[in-house]
Amino acid sequence: MSTPLLMFLGFIAITLGITYWAARRSSGASAYFAAGRQIKGWQNGIAVAGDYMSAASFLGIAGIIAFQGYDGFMYSVGWLVAYLTVLLIVAEPLRNAGKYTMADVLAYRLRPRPVRAMAALSTLTVSTFYMIAQMVGAGTLVTLLLRGSGITYNWAVAIVGVLMVAYVVFGGMLATTWVQIIKAVLLIAGTILLSVLVLAHFGFSFPAFFDAIAHVHDGNRVVNYLEPGLRYKPPYGALDLISLGLALIFGTAGLPHILVRFYTVPDAKTARISVVWAMAIIGGFYIMTTFLGFGAATIVGKGFIAQNGGINMSAPLLAQRLGGDVFFAFISAIAFATILAVVAGLTISASTSFAHDLYSNVIHHGSPRTPEQEVRVARITAFVVGVIAIGIAIVLGPTFNVAFLVGLAFAVAASANLPVILLSIFWRRFTTEGAVWGLATGLASSLLLIVIGPSIMGVDGPLVAASARHLIRAKPMFPLENPGIVSIPLSFLGAFLGTLASRVDSDSEARFVELQVRANTGLGAEKATAQ
Amino acid sequence: MGSRPERTPHATVWARVAESEEFKDLMAAKARFVVPATIFFVVYYFALPVLVGYVPKFMSTPVIGVVNLAYLFALSQFFVAWFIAWRYVRAAGRFDRMAKRILDRLEAAKVEERA
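Chains as they are written, first to last, in our numbering: chain D, 668 to 1198; chain E, 76 to 190.
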């Protein structure tokens, strides 16, 4: 049996052991959806980092930097600075005012059925796009990493799907949290080791390292990888960068699978501490990914990576070059763990939203469901979500370009979710109609602009392989890859007009006062449950 | 139509807290930190894509050896973000104490009412 396969099996065994432990411990809705709100601040901080640092950031960013240098670094910066929005504005009010989902905050002062229905639709959209991207990535990766073991793309996708469903159905939020913590620790350990090996390659001399980065051999040319502009070029490059920045900075605070993590801690103060832990880990990680990307560009070389699995294999190939086959196996197992932890987080947030928002509060009009019913529905949903995700990933196949799906998830989160969260916390006059219009405009406009933008529409040259061609073969009608710069203002506009066109809602305004007191003092906030 | 959550504690308590001087002080203190900090980090962050996008030649100016302005500015974003987070945690300790005083007084008033 090969070393990578052994390490994969080891990780699977440990995480299933945790799931078994969590399944025996937890009972009741608060335990299932929010781990009894008993996760400690530092633990939740590591789990947030584990939930957030996806394969797109580990393999994707290292790859983009290895191929396009400095411009890839722009993603890393946005992904960390985004946590200031979470820390300063969203995390504490959310923890104080809500119970299990983002929609709780909206439903606190607005009419619950319409806002929960729209918020659940948006949550499910964001989670589905994000999950499909991870699943297709996982399938491609596992087949590349376990070459020769006979595991095909379809099998790899099915294994990832079955595992994520097992964690969530049996272990709930507690198992998901610990899978994320273990993954984050492994990922950070692997990244530190790999960074040290890169620096060791240059005799621990930063001048020598940066000198190599400034003179990367790309075919016959020598390129300075520290200079911007290799990816984002005129005429629309600058606007696309700003638009990307908007989606990252305001999208993170609207990602449902990140927001639900703040319900797992006892109070708002612990939520705050966990964001700070997450920022320390995530920041350190993204600074190191530049070492991996620049290391791959200078030590392994773009040509070699392109011929041996492509851009996403930059970090694993760097590990192989510097640390041999065992280290390659270790980094590969980490990449696998990374994907599993993220899809588990997505599955639990999607199923929580379905059970709590749609099933209890929309379908059953908020008439009391027993917590057992809510948990049962969430488990069934997690199972269904898993089956659908496996199905879609297999239908799309390993060559489907998934990179834009992650961008789309951030764009929808920034355009649909964040504006209504902000307005319900800060605007007294805000009404149900405003929230529904804001959510709908943000969701529809970001989807539409992606469909008519260069990710989906484009004219391909005759040399482009069939699988890599654009879905719609025509000139793009919208010039930017990232729709945020248009869709975020549109969503705010929708929310404003929807509010002003509707009657003053005195109940919403009275409850706004409650929400303010509750969000800022913690009066009446959900308490941790005793175990 | 589903109803909004029950109002607990009693509605008048919320209003009483909201109108108290202490709560207004807390809100003002929070705004004094959060508003400027948010404006600062948003402006500082978007300066990066704007400068890198519109004046890439200028941002490619080497500063230390081959390390250029663009790289240093991007790297500085990490330290600025950490610095703001650290300052916020310090300020939030003060907000916590103010909130606790409000809750303590509420508790004391409740005990008095029962007596």
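Do not take every clue at face value.
To be verified - Part of the chain E face toward chain D, derived, beta carbon under 8 Å: (1) LEU101; (2) LYS105; (3) VAL118; (4) PHE133; (5) VAL141; (6) PHE158; (7) ALA183; (8) VAL186.
Said to hold, decoys possible - No farther apart than 20 Å at their CA atoms in a straight line, the calculated lysine to aspartate or glutamate pairs in the EDC-like style are these: (9) LYS132/E x GLU894/D; (10) LYS99/E x GLU187/E; (11) LYS105/E x GLU894/D; (12) LYS175/E x ASP934/D.
Hints in this document: simulated from the structure, not taken from any laboratory.
We treat Cβ as the ideally placed atom computed from N, Cα and C, and that holds for glycine.
Hint check results:
1. Below 8 Å, beta-carbon pairs count as interface contacts, and LEU101/E has one with chain D at about 6 Å; its hint therefore holds.
2. Taken as an interface hint, LYS105/E checks out: its beta carbon lies about 7 Å from the nearest beta carbon of chain D, inside 8 Å.
3. Taking 8 Å as the C-beta cut-off, the interface hint given for VAL118/E is violated, the closest approach to chain D being about 12 Å.
4. Taken as an interface hint, PHE133/E does not check out: its beta carbon lies about 10 Å from the nearest beta carbon of chain D, beyond 8 Å.
5. Satisfaction of the interface hint for VAL141/E is found here, the shortest Cβ-Cβ separation to chain D being roughly 4 Å, below the 8 Å cut-off.
6. Among the interface hints, the one on PHE158/E is violated; its C-beta lies about 10 Å from the nearest C-beta in chain D, farther than the 8 Å criterion.
7. A hinted interface residue such as ALA183/E counts as satisfied when its beta carbon comes closer than 8 Å to some beta carbon of chain D; here the least separation is about 14 Å, so the hint is violated.
8. For VAL186/E, the interface hint is violated, since its Cβ never comes within 8 Å of a Cβ in chain D; the closest pair sits about 16 Å apart.
9. A distance of roughly 8 Å separates the Cα atoms of LYS132/E and GLU894/D; the hinted pair therefore holds under the 20 Å criterion.
10. In summary, the hint linking LYS99/E to GLU187/E is not supported, as the alpha carbons are separated by about 24 Å, beyond the 20 Å threshold.
11. At roughly 40 Å between alpha-carbon atoms, LYS105/E and GLU894/D are farther apart than 20 Å, so this suggested pair is violated.
12. In summary, the hint linking LYS175/E to ASP934/D is supported, as the alpha carbons are separated by about 13 Å, within the 20 Å threshold.
Checked against the numbered hints given earlier, the structure breaks hints 3, 4, 6, 7, 8, 10, 11 and satisfies all the rest.
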